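2 protein chains.
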Amino acid sequence: MSEQAVRRRTRGGGGAARRAERSAVSFETARFIERNIPNLEMLNEEALEIIETNAETILQEIGVNFVNNPGALALWREAGADVDGERVRIPRGLARELCKTAPSSFTQHARNPERTVAIGGRNLVLAPVYGPPFVHDAKGGRRYATMEDFRNFVKLGYMSKWLHHSGGTVCEPTDIPVNKRHLDMLYAHMTLSDKPFMGSVTEPSRAQDSVDMCEILFGKEFVQQNTVMTSLININSPLTFDDVMMGSLEVYARNNQASIISPFIVGGAMAPVSVAGTLTQVMAEVLAGIAYSQLVRKGAPVIMGAFVTSIDMNSGAPTFGTPEAAQITYGVGQLARRMGLPYRSSGGFTGSKLPDAQAGYESANSLNMGLMSGVNFMLHACGWLEGGLVSSYEKFVMDADQLGTLHKMAAGIPVDENAQAMDAIREVGPGGHYLGCAHTQENFKTAFWRTGVLDYKPYEAWAEDGARDTMALASVKVEKMLADYVQPAIDPATAEALAAYVAQKKASMPDAFS
Amino acid sequence: MSEQAVRRRTRGGGGAARRAERSAVSFETARFIERNIPNLEMLNEEALEIIETNAETILQEIGVNFVNNPGALALWREAGADVDGERVRIPRGLARELCKTAPSSFTQHARNPERTVAIGGRNLVLAPVYGPPFVHDAKGGRRYATMEDFRNFVKLGYMSKWLHHSGGTVCEPTDIPVNKRHLDMLYAHMTLSDKPFMGSVTEPSRAQDSVDMCEILFGKEFVQQNTVMTSLININSPLTFDDVMMGSLEVYARNNQASIISPFIVGGAMAPVSVAGTLTQVMAEVLAGIAYSQLVRKGAPVIMGAFVTSIDMNSGAPTFGTPEAAQITYGVGQLARRMGLPYRSSGGFTGSKLPDAQAGYESANSLNMGLMSGVNFMLHACGWLEGGLVSSYEKFVMDADQLGTLHKMAAGIPVDENAQAMDAIREVGPGGHYLGCAHTQENFKTAFWRTGVLDYKPYEAWAEDGARDTMALASVKVEKMLADYVQPAIDPATAEALAAYVAQKKASMPDAFS
Numbered sequence: 001m002s003e004q005a006v007r008r009r010t011r012g013g014g015g016a017a018r019r020a021e022r023s024a025v026s027f028e029t030a031r032f033i034e035r036n037i038p039n040l041e042m043l044n045e046e047a048l049e050i051i052e053t054n055a056e057t058i059l060q061e062i063g064v065n066f067v068n069n070p071g072a073l074a075l076w077r078e079a080g081a082d083v084d085g086e087r088v089r090i091p092r093g094l095a096r097e098l099c100k101t102a103p104s105s106f107t108q109h110a111r112n113p114e115r116t117v118a119i120g121g122r123n124l125v126l127a128p129v130y131g132p133p134f135v136h137d138a139k140g141g142r143r144y145a146t147m148e149d150f151r152n153f154v155k156l157g158y159m160s161k162w163l164h165h166s167g168g169t170v171c172e173p174t175d176i177p178v179n180k181r182h183l184d185m186l187y188a189h190m191t192l193s194d195k196p197f198m199g200s201v202t203e204p205s206r207a208q209d210s211v212d213m214c215e216i217l218f219g220k221e222f223v224q225q226n227t228v229m230t231s232l233i234n235i236n237s238p239l240t241f242d243d244v245m246m247g248s249l250e251v252y253a254r255n256n257q258a259s260i261i262s263p264f265i266v267g268g269a270m271a272p273v274s275v276a277g278t279l280t281q282v283m284a285e286v287l288a289g290i291a292y293s294q295l296v297r298k299g300a301p302v303i304m305g306a307f308v309t310s311i312d313m314n315s316g317a318p319t320f321g322t323p324e325a326a327q328i329t330y331g332v333g334q335l336a337r338r339m340g341l342p343y344r345s346s347g348g349f350t351g352s353k354l355p356d357a358q359a360g361y362e363s364a365n366s367l368n369m370g371l372m373s374g375v376n377f378m379l380h381a382c383g384w385l386e387g388g389l390v391s392s393y394e395k396f397v398m399d400a401d402q403l404g405t406l407h408k409m410a411a412g413i414p415v416d417e418n419a420q421a422m423d424a425i426r427e428v429g430p431g432g433h434y435l436g437c438a439h440t441q442e443n444f445k446t447a448f449w450r451t452g453v454l455d456y457k458p459y460e461a462w463a464e465d466g467a468r469d470t471m472a473l474a475s476v477k478v479e480k481m482l483a484d485y486v487q488p489a490i491d492p493a494t495a496e497a498l499a500a501y502v503a504q505k506k507a508s509m510p511d512a513f514s
Numbered sequence: 001m002s003e004q005a006v007r008r009r010t011r012g013g014g015g016a017a018r019r020a021e022r023s024a025v026s027f028e029t030a031r032f033i034e035r036n037i038p039n040l041e042m043l044n045e046e047a048l049e050i051i052e053t054n055a056e057t058i059l060q061e062i063g064v065n066f067v068n069n070p071g072a073l074a075l076w077r078e079a080g081a082d083v084d085g086e087r088v089r090i091p092r093g094l095a096r097e098l099c100k101t102a103p104s105s106f107t108q109h110a111r112n113p114e115r116t117v118a119i120g121g122r123n124l125v126l127a128p129v130y131g132p133p134f135v136h137d138a139k140g141g142r143r144y145a146t147m148e149d150f151r152n153f154v155k156l157g158y159m160s161k162w163l164h165h166s167g168g169t170v171c172e173p174t175d176i177p178v179n180k181r182h183l184d185m186l187y188a189h190m191t192l193s194d195k196p197f198m199g200s201v202t203e204p205s206r207a208q209d210s211v212d213m214c215e216i217l218f219g220k221e222f223v224q225q226n227t228v229m230t231s232l233i234n235i236n237s238p239l240t241f242d243d244v245m246m247g248s249l250e251v252y253a254r255n256n257q258a259s260i261i262s263p264f265i266v267g268g269a270m271a272p273v274s275v276a277g278t279l280t281q282v283m284a285e286v287l288a289g290i291a292y293s294q295l296v297r298k299g300a301p302v303i304m305g306a307f308v309t310s311i312d313m314n315s316g317a318p319t320f321g322t323p324e325a326a327q328i329t330y331g332v333g334q335l336a337r338r339m340g341l342p343y344r345s346s347g348g349f350t351g352s353k354l355p356d357a358q359a360g361y362e363s364a365n366s367l368n369m370g371l372m373s374g375v376n377f378m379l380h381a382c383g384w385l386e387g388g389l390v391s392s393y394e395k396f397v398m399d400a401d402q403l404g405t406l407h408k409m410a411a412g413i414p415v416d417e418n419a420q421a422m423d424a425i426r427e428v429g430p431g432g433h434y435l436g437c438a439h440t441q442e443n444f445k446t447a448f449w450r451t452g453v454l455d456y457k458p459y460e461a462w463a464e465d466g467a468r469d470t471m472a473l474a475s476v477k478v479e480k481m482l483a484d485y486v487q488p489a490i491d492p493a494t495a496e497a498l499a500a501y502v503a504q505k506k507a508s509m510p511d512a513f514s
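Protein chains in written order, with UniProt numbering: chain A, 1 to 514; chain B, 1 to 514.
The reader is advised that the hints may include incorrect statements.
Claimed, not checked - Among the chain A residues that face chain B by a calculated CB cut under 8 Å, a handful are: (1) Glu-41; (2) Gln-60; (3) Ile-62; (4) Gly-80; (5) Val-83; (6) Thr-202; (7) Thr-240; (8) Val-244; (9) Pro-272; (10) Val-273; (11) Gln-281; (12) Gln-358; (13) Ile-413; (14) Ala-421; (15) Phe-448.
As the list claims (entries may be wrong) - Stretch by stretch, here's where chain A covers chain B in the computed footprint (C-beta under 8 Å, at least three residues): (16) 232-244; (17) 288-297; (18) 425-438.
Rather than coming from a laboratory, the hints here were simulated on the basis of the structure.
Every value quoted in this text rests on a predicted model; they were computed, and no experiment measured them.
Ideal Cβ placement from N, Cα and C applies to all residues, glycine included.
Full structure from sequences and hints, please.
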């Protein structure tokens, strides 16, 4: 069945889109974070200079490979690089010079202007988990992800107050052919949510489909003049830029759409086993990648990224929420700020198989470091489980709840007269209590961050309620959210045009499952 | 009883203690943390000055109460304060001036010199949970704590590599009379561990017993010249210093032993509902408390403390690991550094009833803020559950494992030639991998922090092993540790003298259970 057929069949009865518009309820979303607190500067000037100098040495002496990409090689040759086969050696300073045309911040528009985000500067935009082929929930356990799961995660993201972005591949809809699923995924982001989203990068043609669908959603002219997608371009570390990812980057850059240019590194495997060595390689890779984006189109918006985990040298398993990953995240943040570029990293990381204590520790470690390291775009901020193999329903709402703490921390500490509370201290005096005083009455509603998931009940009340752990509490919340979901309003003609595009594209090619 | 008499009596016997000495196995303990990374300075100069000025205003205009303590009032009057009944109003600047004789750092000796800690400066000493009347483990659930539990937690603390301190009331041994349990607790710390520990504060006479027992353990002269206990003196916020706590403080100060002078604050109840207001009150309280310690004995070692939680304004329940508590922790750290005093806060905080995801998030939030806020002495670093009502066996080893990440983070990022890894990057080149390269072989053993609890297995192996969550994995670890425990060597005569002191003291008074 195609999406178009469904639309046609329902049009007579009033139409789902129109019904959605009539009953539209807008769920509250917090504005993206503007930090009012300092970043933690982990490396000193000398260390940063060593890393930057070594990165340039890598580019000049070792170089990077642009695989299967004669166009890229030609651009590099023209720019003054030394091209030898697929190896591109970039003279010291050239890549950095080319990066200068990349904007230090940019706006990614959402179809609902209230959800539009500014990426860069002191801002932090939070986006959900990306990429898992499996899902997990308390009732159904671990299983392959389907399109229904995908739509559910988009709905949860839309309803999550502290999540600014709908993300991209919130899970892999494995029941849809590989060459068609990007169409359904984009359609879901565009119609089930009104937050900004990411485009497809699994083939340059799918990146083009993403641009085409955005032109339907936003209008052709608007897309050419504004950024409406921020997509994830992974570098094949070490030092390799493959044609699929670069092909997608080229589509996005030519269309003025943003790319996150992000090495994908398991430390000790795709980069040296040391933090400084990894930082050096990351720096070389993003310098080359961002420079290339600017060769494709000067001024194309980019984000300097890093996806870095450690490795458990016993088992070879990747590890998450570790101190070394945090050190690298802090370091790349400093390097990005020195480049004057927006910075992407990851939060909500864990290697755990369940949303248990391990998941809590590792995710909180990642979320805290993301805030303190000056990240501008945090991918995987909620829902990530089992090293990225699993999108967890419960962990999605647990993490999304914790994202509220980042907002509060980032706001800093007010010291105005009301915050100083000297009248309250005078009123209460030694030995009194503040519960009933005027200052408390006036301020208590907004004074403290409040969880929507965690349990603060007294033991007896908690035990009577079933002695539920966090996963069980989150499971209830997931069910309630999905039951309460209401689709955001969308112009029926636009929705129909998008559905038609998807149907036509799907009809134009045979199914592929790998 | 004197040290000498005890020695003489025990010299003849063979005894368990000598057997323990013969079979002694020493478990590895990491040296206390010396930070090689910056602190996060959350407040700017202007905000800090407002808080400091307001704190002095509180002391001058509102004052503090020293309850049931004519001696303290006399000392304050003599020092130039305005004493009116139990109210002590301290002229602007006086408390701060008095605080100047407190040392900026001090050494707390352990009976094993390798475990001696330096408290202050850029150091961080980690100590376990303090105070819970209940314990919890996976098999036995939640129950009143007993002396056996207490001994078990001392054993676990002794065996925990990343824990520097044996702590104090690791749980309340509720099966021992209230007026005698401090003796058994101290005996356990002194004989089952060789790490530094805390003294009793529940009655001045019990503080004196603590000093007496230390004189047996360390020698009378040594105790008078060195600090061998760091004990927890809570201020009865707001602005009240009760006679029990102050009586204990007086005993410790006179004997050159360290006190943590720490307001106990549930924000919105014992302090204003705002962060800046709470910081102001904390500052006033510790200024008064530390000044008083210096009136008792100039140069007495102290730690500026803060125990701060928020409150859930719906239920009135205290909350842990929240952003407001973190903001206060960062702020007090800055105030302490400006005073030139060691700083105590708390890690491992959670309101959860189980060592589940909530416990993980909240504890990791607390541990991270403790490191980044410049804490010198972190109490409750492991084992805390249910808002401090419960010492959790599993959470003890889970948290203690996470403390390893603080060590690694604090070490900073080396950028020496080996860390730069340029040879490795040259050797591997674009498209290669680092698993087998020389640099990885030479460095992998120490490159990454390694957990002793968390699970990194592939899903299938984990499922085959019973699909255990973190609590279940930790439970196995607890059992193994307690089974593997070996008592550290102790001079049999000393152990016997301590036992004799405890027996004699217990025999000298009737049991009291409240």
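query = Looking back at the numbered hints, which does the structure fail to meet, lowest number first?
reply = Numbers 2, 4, 5, 6, 8, 17 - these are the hints that the structure violates, sorted from lowest upward.
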